[in-house]
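J.: Each chain, letter by letter, is given below.
Protein chains: 2
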Amino acid sequence: MRAASQLLPVGAIVTVSYLRRFPLRILILGGDGYLGWPTAMHLSAAGHDVAVVDDFTRRSMHQERGTSSLTPIAPLPDRVSAWREITGRDVEMHVADITDYASLRSIFEQTRPEGIVHYGEIPSAPYSMIDRDHAAYVQQNNVIGTLNVLWAMREVAPDSHLVKLGTMGEYGTPNIDIEEGYIEIAHKGRSDTMLFPKQPGSFYHLTKVHDSNNIHFACRMWGLRATDLNQGVVYGMHTDETQLDDRLLTRFDYDELFGTALNRFAVQAVLGYPLTVYGAGHQTRGFLDIRDTMQCIALALANPAQSGEMRVYNQFTETFSVMELAEVVKEAAVHLGYEVEIDHLDNPRIEAEEHYFNPVHTKLLDLGLKPHLLSETLVESMISGVADYADRIQIDSIAPKTKWR
Amino acid sequence: MRAASQLLPVGAIVTVSYLRRFPLRILILGGDGYLGWPTAMHLSAAGHDVAVVDDFTRRSMHQERGTSSLTPIAPLPDRVSAWREITGRDVEMHVADITDYASLRSIFEQTRPEGIVHYGEIPSAPYSMIDRDHAAYVQQNNVIGTLNVLWAMREVAPDSHLVKLGTMGEYGTPNIDIEEGYIEIAHKGRSDTMLFPKQPGSFYHLTKVHDSNNIHFACRMWGLRATDLNQGVVYGMHTDETQLDDRLLTRFDYDELFGTALNRFAVQAVLGYPLTVYGAGHQTRGFLDIRDTMQCIALALANPAQSGEMRVYNQFTETFSVMELAEVVKEAAVHLGYEVEIDHLDNPRIEAEEHYFNPVHTKLLDLGLKPHLLSETLVESMISGVADYADRIQIDSIAPKTKWR
Chain A
5 MRAASQLLPV GAIVTVSYLR RFPLRILILG GDGYLGWPTA MHLSAAGHDV
55 AVVDDFTRRS MHQERGTSSL TPIAPLPDRV SAWREITGRD VEMHVADITD
105 YASLRSIFEQ TRPEGIVHYG EIPSAPYSMI DRDHAAYVQQ NNVIGTLNVL
155 WAMREVAPDS HLVKLGTMGE YGTPNIDIEE GYIEIAHKGR SDTMLFPKQP
205 GSFYHLTKVH DSNNIHFACR MWGLRATDLN QGVVYGMHTD ETQLDDRLLT
255 RFDYDELFGT ALNRFAVQAV LGYPLTVYGA GHQTRGFLDI RDTMQCIALA
305 LANPAQSGEM RVYNQFTETF SVMELAEVVK EAAVHLGYEV EIDHLDNPRI
355 EAEEHYFNPV HTKLLDLGLK PHLLSETLVE SMISGVADYA DRIQIDSIAP
405 KTKWR
Chain B
5 MRAASQLLPV GAIVTVSYLR RFPLRILILG GDGYLGWPTA MHLSAAGHDV
55 AVVDDFTRRS MHQERGTSSL TPIAPLPDRV SAWREITGRD VEMHVADITD
105 YASLRSIFEQ TRPEGIVHYG EIPSAPYSMI DRDHAAYVQQ NNVIGTLNVL
155 WAMREVAPDS HLVKLGTMGE YGTPNIDIEE GYIEIAHKGR SDTMLFPKQP
205 GSFYHLTKVH DSNNIHFACR MWGLRATDLN QGVVYGMHTD ETQLDDRLLT
255 RFDYDELFGT ALNRFAVQAV LGYPLTVYGA GHQTRGFLDI RDTMQCIALA
305 LANPAQSGEM RVYNQFTETF SVMELAEVVK EAAVHLGYEV EIDHLDNPRI
355 EAEEHYFNPV HTKLLDLGLK PHLLSETLVE SMISGVADYA DRIQIDSIAP
405 KTKWR
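As you go down the protein sequences, you meet chains A and B in turn.
Note that the first sequence covers residues 5 to 409 in this note's numbering.
Note that the second sequence covers residues 5 to 409 in this note's numbering.
Simulated from the structure, these hints should not be mistaken for laboratory data.
Here a beta-carbon is modelled for each residue, glycine too, at the ideal position from N, C-alpha and C.
Check the hints yourself; a few may be wrong.
[Stated by the list, open to error] Label pairs and their calculated CB-CB ranges:
hint, chain 1, residue 1, chain 2, residue 2, range
1, B, 188, A, 346, 34 to 44 Å
2, B, 310, A, 312, 35 to 45 Å
3, B, 405, A, 60, 35 to 45 Å
Chain A with its partners taken away, still in its complex shape (with noise of 0.2 Å):
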């Protein structure tokens, strides 16, 4: 990677000796997906040294479906010429399968990453439950893709920092407040600080728990430094960078597989269909604007973890029932012109609908984080950008067929 010319200081002062000049190298896994995206534009734009790796998985699972991006994506390739074209900036790209190490260790060895930032999983809960083979697989890629990650920083870049998307997903919904990944148990008189214990709710949300326990070991073990991401559900199409030219946007999923409610909803709104909430409704989950997700990545790179230590975020902005969210974009829908229902279905899932919830999300605040928090405005113009596409969305994609049970 050639270095940057400009050093743009991406929000927070670098204290962390080991940090020996500025911009870092970072190396984004997962680099072509709806965050890999533009988190490389982002850090990019930041000043920063940017290198990603994909192999073109989630593409590949959705042309398994017969179901596509609602937006336009440009191939990587193009991606990465027309940021080039507009910005001056190269992102180095690299084609490869991290489960097979060979290839991710010479990666390592030919970009000798600082800042590591790991998508680089099968994102879908609905996928992983198919069936046997596909469950099976999610699980393999994710968690020796992850392991694989953690042998090349011992052996290539030991100083190096780790940032890993886990998700929210993986705590459930127990009847106790959730921590930033661990607590203090207090128990027969003596007390330790513990894991915070998990109860994830499909075999996707178990490999990023399976991910989280290698990590921790990794870093008691060899000394090295994570941040675990537990990301709430993300809704929004475009980031600053996203925005500067078409062939810069990021994916956009509102399928059965891979999209998420608020996408969903959207999309849902536009065509005139009833906004299909699982089940009562009252699933209370976390929610992020896409530009935060630019922001904690951003955040979590400037203040490393300390050699040792897996530092844990609960990374989201704001809770919501997936009624709340339905009942929010129904308003603005209708606010531009849609008319909108919603309709319950028997939910796929197998998950609590009436739960206690009450994550504690406070360190990213901490560290600077400034939500963009989710107004009717936004939503609207989330609304209006999945209309620009209306032509493009193939309603049979949306309906759940993949059943928990």
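For this one, chain A is given, so just place chain B on it according to the hints.
T.: What follows is chain B alone, placed relative to chain A:
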């Protein structure tokens, strides 16, 4: 499988209605191993219809390392023939890799198991720490194998009961008492019963944690029945059945990868080599006699978990520090006329050498377990047993070559 002609109760009363008949059809995964083969004989002797599955991974691993069992074990077909010759009972043999789902599912269809005893995993912490390839192999093998078992249960034998071997090493050494799988946590005025937080000490131990999380999920989602046995370190060479004929012997490992502390000390005492304690030797662990493993498995099978329940038992009878264990072996060996010294090696592992350790282990006792406690007499008989095979000892296989760091 043919029905056994004679019904021998295994020591506990079967009260759960799904057990439509006794004997049970039992499938033992890893049925050629140190515990698997004695368990097959023990359950067969008790009147159950037993089938075993193995792909001889353990024997292959010894080929890889140039090591072998102290006891001269017969090939599995010879074991099965000898068992038939001596007892008139059949143990059905299947050679298959359980990570191959088609094979496993076919065996489930042929055997329609009511109880599944799952020893079919790679059991060595040091083996998993050799390098990236060994770590990935162990994680892939164990996690996907167990995932396959869960799917085979769901698809073929949804009422069957999984008895899964885990390890006390999953817990690590927290500063609070270790409960049996679950802990009630009071936090900020609310409370919930959660999975006990784990802190495993190797990539192997991590696979058992990953398994437990996957099993817990499958029980919650699909109503499967499982008993997760967090077993201590097993010692001993013989069960009632292994002593019936030389062809029925089980393996006895003492090498750096597959040997456990007490077995290794017995071999060293016989050779007149110092007993090699890792580090200070204050590391404290749970231990049990191989004959008590037989009892625990039989008790778990006779008292199956409820549908939807992952029941967890801590399966050991006593705790000792490694140093205490060395002293016990030294005393017994000296009594038999051996000269014995105790030597401290630099600890190849990363583990706390001074720690609190007070794990609860009452549930198996409540079911009727009658422990064989470690008395000098047993250790003497074990040392004598080892002496019978002194000419087979490969002394250079004992020293630890695999380091955690």
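J.: All hints are to be evaluated individually against the structure, with a verdict given for each.
T.: To see whether the hints hold, each was checked on the structure:
{"no.": "1", "hint": "B/188 <-> A/346: 34 to 44 Å", "result": "39 Å, holds"}
{"no.": "2", "hint": "B/310 <-> A/312: 35 to 45 Å", "result": "42 Å, holds"}
{"no.": "3", "hint": "B/405 <-> A/60: 35 to 45 Å", "result": "41 Å, holds"}
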